[in-house]
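Colleague: Chains A and B are the protein sequences, given in the same order.
All letters in the first sequence, in the order written, are residues 231 to 886 by my numbering.
All letters in the second sequence, in the order written, are residues 9 to 182 by my numbering.
If you're looking for bench data, these hints aren't it; they were derived computationally from the structure.
Please note that the accuracy of each hint is not assured.
Said to hold, decoys possible - Per the computed footprint, the stretches of chain B lying under chain A, defined by three or more beta-carbons under 8 Å from a beta-carbon of chain A, are:
(1) 43 to 55
(2) 128 to 139
(3) 159 to 169
Just so you know, even glycine gets a beta-carbon here, dropped at the ideal spot from N, CA and C.
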Amino acid sequence: MSRCAVQTGSAAFAAALLAVCAPSLARAAQSHLPQSHVAPPRATQRRPAQPRATQSPNTFWFQHQRVTFTRVVPEKGDVAVALHDPALQSLLTKVGVAVAWNPGERYVLLTTPEPRIISFSIGDPRYDLEDVSAQAPFAPFVRDNDAYLPLQTLLRALYLEPKDDRGQMVLQPQIAVADIQSTRDGSLLVMHAALPLRGKRMSAPNGRVIYDFSGFGSTLQRARKVRGSAISELDVLMGGTTRDPDTKVVVFLAPHANADDGKSGQHLDFSIALHGGPPPFRYPAPPSPPPPIRQTTPAPEVTPGEESPQPSEPPIATVSDVNAQPSDGQYNIDVTVQGNASYEWHRLLDDRWYVDVHPAVLSGGPRDESPSSPQVASLRVHQLSNSTVRVALTLAGQKAVDVVPSQNGLSIAVKDTPADIATRSGSGTIGEAAAVAPAPVPTASGWQFSPRSGSSSVPTNPRLIVIDPGHGGSDTGAQSSGLVEKAITLDISSRLRSILTLRGWEVRMTRSGDSDVYGPGASDRDELQARVDVANNGGARLFVSIHVNSFGNSRPNGTTTYYYKPEDLAFADAIHRRLVTEDLGTKDDGVVKESLYVVHHTTMPAVLVETAFLSNPDDRVLLRSPDWLQKVAHAIADGIGDYAGSPRRSSQSEQR
Amino acid sequence: MKLSRALFLLVLFVLAAILAWFVVQQRNRSAIGEQITVYYTKIDGTTEVPWPITMRPQARGESASEHLHNAALYAAVQAVAGPSSTIDAIRFPTGTQVRSVVVDGTTAVVDLSAAVGSAVGGSLGESGEFKSLVWTLTGLPGINAVAIRIDGQRVDALPGGHLALDEPLRRSDW
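Work the whole structure out from these sequences, hints included.
Modeller: Here it is, written out as structure tokens:
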């Protein structure tokens, strides 16, 4: 339906919906219709008579600048302008119009920011403004690999009206559309123009509000009775000069109604909210929803004696020494770690390799060395974040790297043998933790992990759950009102790790600090694949990615659980059921199948939980609450329990 | 007598061949009608709303494959632009343009401008954007998958994004 017709939305809105619309589409199809309601240009009256300047028909004045179309061909009563004419390209950029056309294609499609599609067809004089067809003076054609369009038709379709100003042509931006929509407590008047529309509210005598739009003419019809709540009539007054037009829109308010100052939108629009007036019929108000969070929350599952629901952080380990030396055709690096920690190693595509020890601090200063070794080009040891120490190597080519926990910490051996490049990450534990949670048996080529790809979901480590805190490091994720997605996802993930660990699961996080998983500056694919690799290469039983949703406006809210592989639906259902029944206070947005990278490419049951909306004010209140974050972690842990049982039972069933 | 009968059969055969060719041409020509269906995604993220768009019928001299290509470009531009701003819909980020559409077998390869990766949001918006594009293009006869390029380059995911773009998208991905 045309924008310049009565808009029919839902039945409730339809009665109050009215478009006060210019005959703009018709005008665009016709040519040179005089604008009868334009006030006489004041400047003309003041200035002495001047000889009429002669000007090329291809030259216009637009916003006080001369625009000359040079790649033009005279055609019937108009000129044809090449799509790649520099002046036209510049003009289209100014008015924010995108063009889709390549040589050989039939359609020249122009998209305005509103959005509105203007469609020309090569060889056909008809053109379409949205779904209204009109007739141009001649058919667009192709010459020298460029499309030629009827210039004046195109300009009018863009709401730029060519006007004669004493022999010079001026492109006057027009306000061309005014829609009146019903809202819950009145009406919304939305106007569209050729350029970003800024209006100024003026005095409001006798139930009228006047908005002044400097720099714009108008193709809107004059006084119209309208049937909107809070508004009774709309009038359009035009003044100014041809070069400096001025349009005033007068809103006649209904009794007891008022109007706001109006605001500019991103679609070349200006919206005026009108409130009050005769009260519309309202359905009885629904019962008010229960408060989102009770003041007395159930006690979180924490170790006895703890008062805080915050997850307990293990004591931090110390990386006290890194001893590197060549030996028998390989390069050995011994990392001395005092205390319990976990480690995760990653091989990057460009022969870089690193291992992160967490939670750990580096005693002594960072190191950055270039050893004279045929296996290793550089060695760097530094404190990556508050609780992560990174040992990073630049390998001298595709070298195999073995990493095994040792009595003192970690032993790394860089060998001359070719690397198994399919295995790009791995992890394990150091210290007493390694003895408590037995890790897979190391082999000559490092840890033995499951294949990187494949549909098999048989885990090699049935006790292992991989938690993926969404985003991190250079990728903040969504942000709103001081909340940052990467921090929230890490918070929930850390809480979930604590709960699952207490329940006997072995838990690995794709990141345990504010860091990129693959590394800073990695491609989007490498970053996501690195998260997948942690689960696939670790032979995990389950994969859970934690995210916070966001949208361009504040309306959407709620919790969604995403899955991709059909066989993962049961896992997603189990998680989601807990999320929506454990008194979280968010809307149930359902379990949704979606080809999200991390759930698509993991080989075990995998879900991605969008816990709430950062863009929604009610959800933001929840996301700020540590109690709520703890509840989310609990709900996910409970869902995992519902689906997979306990780790002991899970292991036994796998062995059977 | 025999000769005239043979001639009659020959003429009949030629007429049948011409008729068959004409029918095949008409069938190809009517593969895409004057109206195509563009979809937009409501902000619930799951509901696809059909939205009929009028386009030109196949032109004389325009082959069936050219017509399909033109229709695919037409449909993709409409889907990326989205419906009128007064309609509540999930939209591609402002400034996203369709650079080109190439129909390769049964896959429409859509090249988008880099602005498509400019919005930092959640799964809802990203999913809804591409869902509407995929539903629109796979509604055209002969297209059952949509591959995404950005500024002409193959991509596996959007910057800071969630959706897997390393393989062509299909309706069954949702």
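Colleague: Could you run down the list of hints and mark each one as holding or not?
Modeller: Hint check:
1. Counting residues of the stretch 43 to 55 of chain B whose C-beta lies closer than 8 Å to any C-beta of chain A gives 4; at least three are required, and the coverage claim holds.
2. For the stretch 128 to 139 of chain B, the proposed coverage by chain A is satisfied: 7 residues have a C-beta within less than 8 Å of a C-beta in that chain, meeting the threshold of three.
3. Only when three residues or more bring their CB closer than 8 Å to a CB of chain A does the claim for the stretch 159 to 169 of chain B stand; here the count is 7, and the claim holds.
The structure meets every hint from the earlier list without exception.
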